Amino acid sequence: MDYEIRDEDDLQFYLMKRFKLGEFAKVKRISTIEISPEIDLVDVNESQKLVTGFEFKLLKYRKKWKRVSFHSMYQGIGQALSYFQFGVDKSYLVLGLSKGIPDEIFSRTIKKIEETITIFNTLRKFVTENVEKIAEKIGKLQGIIQNVQSLYRTEAMPVYDLRIHPMLEKSTKSFRERGITGIGSFGIMVWIEHDDQLMTKLEAEENFPVFSNKDLQHKKECLLRKEFRYDKNFLTRGKLR
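Start counting the sequence shown at 375; every next residue gets the next number (my numbering).
Some hints could be false.
[Claimed, not checked] Pairs of lysine-lysine, BS3-like flavour, derived with a Cα cap of 30 Å:
1) 400 <-> 434
2) 600 <-> 485
3) 437 <-> 486
4) 440 <-> 473
5) 473 <-> 575
6) 391 <-> 485
7) 485 <-> 434
8) 394 <-> 440
9) 507 <-> 394
10) 507 <-> 434
11) 423 <-> 606
12) 600 <-> 588
[Claimed, not checked] Distance ranges between label pairs, derived from CB positions:
13) 479 <-> 571: 13 to 21 Å
14) 611 <-> 568: 22 to 30 Å
15) 507 <-> 571: 36 to 44 Å
16) 588 <-> 568: 41 to 49 Å
17) 570 <-> 478: 29 to 37 Å
18) 440 <-> 489: 30 to 38 Å
19) 572 <-> 499: 25 to 33 Å
20) 441 <-> 574: 19 to 27 Å
21) 573 <-> 482: 12 to 20 Å
22) 571 <-> 381: 15 to 23 Å
Read the hints as simulated data drawn from the structure, not as lab findings. Since the structure is predicted, the reported quantities are computational estimates derived from the model, not experimental observations. In this text, a Cβ means the ideal position worked out from N, Cα and C, and glycines have one as well.
All chains should be built: construct the whole structure from the sequences, respecting the hints.
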(Lines of atoms letter the chains of each structure in order from A; the text may use other names.)
(Lines give C-alpha, C1' and ligand atoms only; values in the text may rest on other atoms or scores of the structure.)
Protein backbone atom coordinates (compact mmCIF):
# COMPACT_ATOMS: atom_id res chain seq x y z
CA MET A 375 0.00 0.00 0.00
CA ASP A 376 1.46 3.31 -1.09
CA TYR A 377 -0.77 5.65 0.89
CA GLU A 378 -1.51 6.48 4.49
CA ILE A 379 -4.84 5.88 6.19
CA ARG A 380 -5.06 8.75 8.62
CA ASP A 381 -8.56 8.55 10.05
CA GLU A 382 -11.73 6.45 10.29
CA ASP A 383 -13.19 7.83 7.05
CA ASP A 384 -10.07 6.76 5.15
CA LEU A 385 -10.34 3.33 6.76
CA GLN A 386 -14.02 2.98 5.91
CA PHE A 387 -13.50 4.19 2.34
CA TYR A 388 -10.71 1.68 1.73
CA LEU A 389 -12.53 -1.32 3.26
CA MET A 390 -15.71 -0.53 1.34
CA LYS A 391 -13.70 -0.42 -1.90
CA ARG A 392 -11.37 -3.32 -1.18
CA PHE A 393 -13.71 -5.79 0.56
CA LYS A 394 -17.17 -4.59 -0.62
CA LEU A 395 -18.11 -4.14 3.03
CA GLY A 396 -21.61 -2.71 2.78
CA GLU A 397 -23.13 -0.04 0.55
CA PHE A 398 -24.74 2.76 2.54
CA ALA A 399 -22.30 5.08 4.32
CA LYS A 400 -23.05 7.58 7.09
CA VAL A 401 -26.74 6.92 7.73
CA LYS A 402 -28.12 9.97 9.52
CA ARG A 403 -31.89 9.52 9.25
CA ILE A 404 -34.25 6.54 9.19
CA SER A 405 -37.57 7.50 7.61
CA THR A 406 -38.33 10.84 9.31
CA ILE A 407 -36.26 10.05 12.40
CA GLU A 408 -32.91 11.76 12.88
CA ILE A 409 -30.50 9.36 14.58
CA SER A 410 -27.47 9.95 16.77
CA PRO A 411 -24.84 8.68 16.55
CA GLU A 412 -24.99 8.16 12.81
CA ILE A 413 -24.37 4.62 11.55
CA ASP A 414 -21.01 4.55 9.79
CA LEU A 415 -22.09 1.86 7.34
CA VAL A 416 -25.26 -0.15 6.70
CA ASP A 417 -25.48 -3.37 4.71
CA VAL A 418 -28.95 -4.52 3.62
CA ASN A 419 -29.40 -8.15 2.56
CA GLU A 420 -32.86 -8.14 1.01
CA SER A 421 -33.06 -11.88 0.37
CA GLN A 422 -32.32 -12.71 4.02
CA LYS A 423 -34.07 -9.60 5.38
CA LEU A 424 -30.89 -8.92 7.31
CA VAL A 425 -29.59 -5.47 8.27
CA THR A 426 -26.01 -5.11 9.53
CA GLY A 427 -24.37 -1.97 10.92
CA PHE A 428 -20.62 -1.25 10.99
CA GLU A 429 -18.67 1.14 13.21
CA PHE A 430 -15.08 1.96 12.16
CA LYS A 431 -12.23 2.85 14.51
CA LEU A 432 -8.55 3.33 13.72
CA LEU A 433 -6.13 2.37 16.49
CA LYS A 434 -3.34 4.91 16.23
CA TYR A 435 0.21 4.59 17.45
CA ARG A 436 1.28 7.51 19.66
CA LYS A 437 5.00 8.01 19.15
CA LYS A 438 5.19 10.46 22.04
CA TRP A 439 3.94 7.85 24.53
CA LYS A 440 5.19 4.82 22.56
CA ARG A 441 1.87 3.05 22.75
CA VAL A 442 -1.44 2.53 20.99
CA SER A 443 -4.43 4.34 22.47
CA PHE A 444 -7.38 2.03 23.07
CA HIS A 445 -9.83 4.85 23.82
CA SER A 446 -11.28 4.67 20.31
CA MET A 447 -11.80 0.89 20.63
CA TYR A 448 -13.82 1.21 23.84
CA GLN A 449 -15.73 4.15 22.37
CA GLY A 450 -16.41 2.08 19.26
CA ILE A 451 -17.81 -0.81 21.29
CA GLY A 452 -20.36 1.52 22.86
CA GLN A 453 -21.28 3.08 19.53
CA ALA A 454 -21.63 -0.28 17.76
CA LEU A 455 -23.90 -1.56 20.56
CA SER A 456 -25.99 1.61 20.31
CA TYR A 457 -26.88 0.70 16.71
CA PHE A 458 -29.40 -1.83 18.02
CA GLN A 459 -31.72 1.03 18.96
CA PHE A 460 -31.99 1.78 15.23
CA GLY A 461 -33.37 -1.62 14.18
CA VAL A 462 -30.25 -3.43 12.90
CA ASP A 463 -30.02 -7.20 13.28
CA LYS A 464 -26.25 -7.33 13.76
CA SER A 465 -23.55 -4.80 14.54
CA TYR A 466 -19.80 -4.96 14.01
CA LEU A 467 -16.94 -2.88 15.31
CA VAL A 468 -14.22 -2.74 12.63
CA LEU A 469 -10.77 -1.97 14.03
CA GLY A 470 -7.93 -0.82 11.80
CA LEU A 471 -4.25 -1.34 12.69
CA SER A 472 -1.75 0.72 10.69
CA LYS A 473 1.63 -0.60 9.57
CA GLY A 474 3.41 2.17 11.47
CA ILE A 475 3.02 0.30 14.77
CA PRO A 476 6.35 -1.18 16.00
CA ASP A 477 6.41 -4.98 16.23
CA GLU A 478 6.52 -5.15 20.04
CA ILE A 479 3.68 -2.66 20.41
CA PHE A 480 1.76 -4.43 17.65
CA SER A 481 1.93 -7.74 19.54
CA ARG A 482 0.66 -6.06 22.71
CA THR A 483 -2.14 -4.42 20.74
CA ILE A 484 -3.31 -7.74 19.29
CA LYS A 485 -3.19 -9.28 22.77
CA LYS A 486 -5.36 -6.45 24.15
CA ILE A 487 -7.93 -6.96 21.41
CA GLU A 488 -7.96 -10.71 22.09
CA GLU A 489 -8.44 -10.08 25.82
CA THR A 490 -11.43 -7.86 25.02
CA ILE A 491 -12.92 -10.57 22.81
CA THR A 492 -12.41 -13.13 25.61
CA ILE A 493 -14.44 -10.87 27.92
CA PHE A 494 -17.29 -10.77 25.41
CA ASN A 495 -17.23 -14.55 25.00
CA THR A 496 -17.39 -14.91 28.81
CA LEU A 497 -20.34 -12.52 28.93
CA ARG A 498 -22.09 -14.44 26.17
CA LYS A 499 -21.72 -17.70 28.09
CA PHE A 500 -22.98 -16.09 31.31
CA VAL A 501 -25.98 -14.46 29.60
CA THR A 502 -26.88 -17.62 27.68
CA GLU A 503 -26.78 -19.85 30.77
CA ASN A 504 -28.83 -17.45 32.89
CA VAL A 505 -31.32 -16.61 30.15
CA GLU A 506 -32.06 -20.31 29.74
CA LYS A 507 -32.75 -20.60 33.47
CA ILE A 508 -35.04 -17.55 33.44
CA ALA A 509 -36.86 -18.78 30.33
CA GLU A 510 -37.39 -22.17 31.98
CA LYS A 511 -38.95 -20.54 35.06
CA ILE A 512 -41.17 -18.34 32.88
CA GLY A 513 -42.24 -21.42 30.94
CA LYS A 514 -43.24 -23.22 34.15
CA LEU A 515 -45.23 -20.20 35.35
CA GLN A 516 -46.91 -19.99 31.97
CA GLY A 517 -47.91 -23.64 32.31
CA ILE A 518 -49.44 -22.97 35.74
CA ILE A 519 -51.50 -20.09 34.31
CA GLN A 520 -52.75 -22.30 31.47
CA ASN A 521 -53.76 -24.97 33.99
CA VAL A 522 -55.66 -22.41 36.05
CA GLN A 523 -57.48 -21.13 32.96
CA SER A 524 -58.34 -24.71 32.00
CA LEU A 525 -59.69 -25.32 35.53
CA TYR A 526 -61.91 -22.26 35.26
CA ARG A 527 -63.44 -23.61 32.07
CA THR A 528 -64.10 -27.13 33.41
CA GLU A 529 -65.66 -25.76 36.62
CA ALA A 530 -67.96 -23.46 34.59
CA MET A 531 -66.48 -20.53 36.44
CA PRO A 532 -65.97 -17.06 34.92
CA VAL A 533 -62.80 -16.94 32.81
CA TYR A 534 -60.82 -13.88 33.75
CA ASP A 535 -58.40 -12.39 31.22
CA LEU A 536 -55.00 -13.04 32.74
CA ARG A 537 -53.04 -10.27 31.04
CA ILE A 538 -49.76 -11.70 32.29
CA HIS A 539 -50.13 -14.69 29.97
CA PRO A 540 -49.39 -13.01 26.58
CA MET A 541 -46.67 -10.98 28.27
CA LEU A 542 -44.97 -14.16 29.50
CA GLU A 543 -45.25 -15.77 26.09
CA LYS A 544 -43.56 -12.80 24.43
CA SER A 545 -40.91 -12.57 27.15
CA THR A 546 -40.08 -16.27 26.83
CA LYS A 547 -39.62 -15.87 23.08
CA SER A 548 -37.32 -12.88 23.61
CA PHE A 549 -35.29 -14.64 26.28
CA ARG A 550 -34.80 -17.73 24.16
CA GLU A 551 -33.41 -15.62 21.34
CA ARG A 552 -30.41 -15.02 23.65
CA GLY A 553 -29.75 -11.73 21.93
CA ILE A 554 -31.85 -9.64 24.26
CA THR A 555 -28.77 -7.81 25.58
CA GLY A 556 -27.12 -7.43 22.19
CA ILE A 557 -24.11 -9.49 23.31
CA GLY A 558 -24.74 -12.30 20.82
CA SER A 559 -25.53 -9.89 17.98
CA PHE A 560 -22.30 -7.89 18.29
CA GLY A 561 -19.06 -8.74 16.52
CA ILE A 562 -15.52 -7.45 16.01
CA MET A 563 -13.47 -7.33 12.80
CA VAL A 564 -9.80 -6.41 12.60
CA TRP A 565 -7.98 -5.05 9.55
CA ILE A 566 -4.18 -5.21 9.57
CA GLU A 567 -2.57 -2.84 7.11
CA HIS A 568 0.82 -4.50 6.61
CA ASP A 569 -0.73 -7.69 5.18
CA ASP A 570 -4.04 -6.13 4.07
CA GLN A 571 -6.21 -8.72 5.83
CA LEU A 572 -9.71 -8.22 7.21
CA MET A 573 -10.51 -10.87 9.82
CA THR A 574 -13.64 -11.54 11.84
CA LYS A 575 -12.36 -12.06 15.38
CA LEU A 576 -15.77 -12.15 17.09
CA GLU A 577 -18.75 -13.38 15.09
CA ALA A 578 -22.18 -11.81 15.53
CA GLU A 579 -23.90 -15.16 15.91
CA GLU A 580 -27.53 -14.16 16.42
CA ASN A 581 -29.97 -11.54 15.22
CA PHE A 582 -31.03 -8.90 17.71
CA PRO A 583 -34.70 -9.46 18.72
CA VAL A 584 -36.19 -6.42 16.99
CA PHE A 585 -39.57 -8.19 17.08
CA SER A 586 -39.76 -7.43 20.81
CA ASN A 587 -40.35 -3.71 20.21
CA LYS A 588 -42.68 -1.97 17.73
CA ASP A 589 -40.34 1.00 17.32
CA LEU A 590 -37.42 -1.30 16.44
CA GLN A 591 -39.62 -3.26 14.04
CA HIS A 592 -40.63 -0.05 12.29
CA LYS A 593 -37.03 1.14 11.94
CA LYS A 594 -35.88 -2.21 10.58
CA GLU A 595 -38.69 -2.24 8.02
CA CYS A 596 -37.62 1.26 6.93
CA LEU A 597 -34.01 0.07 6.60
CA LEU A 598 -35.09 -2.94 4.53
CA ARG A 599 -37.10 -0.63 2.24
CA LYS A 600 -34.06 1.71 2.12
CA GLU A 601 -36.08 4.58 3.51
CA PHE A 602 -33.12 6.34 5.06
CA ARG A 603 -30.76 9.19 4.37
CA TYR A 604 -27.09 8.41 3.78
CA ASP A 605 -24.04 9.96 2.13
CA LYS A 606 -24.53 8.95 -1.51
CA ASN A 607 -21.26 10.58 -2.52
CA PHE A 608 -19.05 8.99 0.12
CA LEU A 609 -17.28 6.61 -2.29
CA THR A 610 -17.12 9.00 -5.22
CA ARG A 611 -15.90 11.94 -3.14
CA GLY A 612 -13.49 10.02 -0.92
CA LYS A 613 -9.78 9.86 -1.62
CA LEU A 614 -7.06 7.72 -0.18
CA ARG A 615 -4.30 10.10 0.75
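Evaluated hints:
no.: 1; hint: 400 <-> 434; result: 22 Å, holds
no.: 2; hint: 600 <-> 485; result: 39 Å, violated
no.: 3; hint: 437 <-> 486; result: 18 Å, holds
no.: 4; hint: 440 <-> 473; result: 15 Å, holds
no.: 5; hint: 473 <-> 575; result: 19 Å, holds
no.: 6; hint: 391 <-> 485; result: 28 Å, holds
no.: 7; hint: 485 <-> 434; result: 16 Å, holds
no.: 8; hint: 394 <-> 440; result: 34 Å, violated
no.: 9; hint: 507 <-> 394; result: 41 Å, violated
no.: 10; hint: 507 <-> 434; result: 43 Å, violated
no.: 11; hint: 423 <-> 606; result: 22 Å, holds
no.: 12; hint: 600 <-> 588; result: 18 Å, holds
no.: 13; hint: 479 <-> 571: 13 to 21 Å; result: 19 Å, holds
no.: 14; hint: 611 <-> 568: 22 to 30 Å; result: 27 Å, holds
no.: 15; hint: 507 <-> 571: 36 to 44 Å; result: 40 Å, holds
no.: 16; hint: 588 <-> 568: 41 to 49 Å; result: 47 Å, holds
no.: 17; hint: 570 <-> 478: 29 to 37 Å; result: 22 Å, violated
no.: 18; hint: 440 <-> 489: 30 to 38 Å; result: 20 Å, violated
no.: 19; hint: 572 <-> 499: 25 to 33 Å; result: 26 Å, holds
no.: 20; hint: 441 <-> 574: 19 to 27 Å; result: 26 Å, holds
no.: 21; hint: 573 <-> 482: 12 to 20 Å; result: 18 Å, holds
no.: 22; hint: 571 <-> 381: 15 to 23 Å; result: 20 Å, holds
Hint compliance for this structure: hints 2, 8, 9, 10, 17 and 18 are broken, all remaining hints hold.
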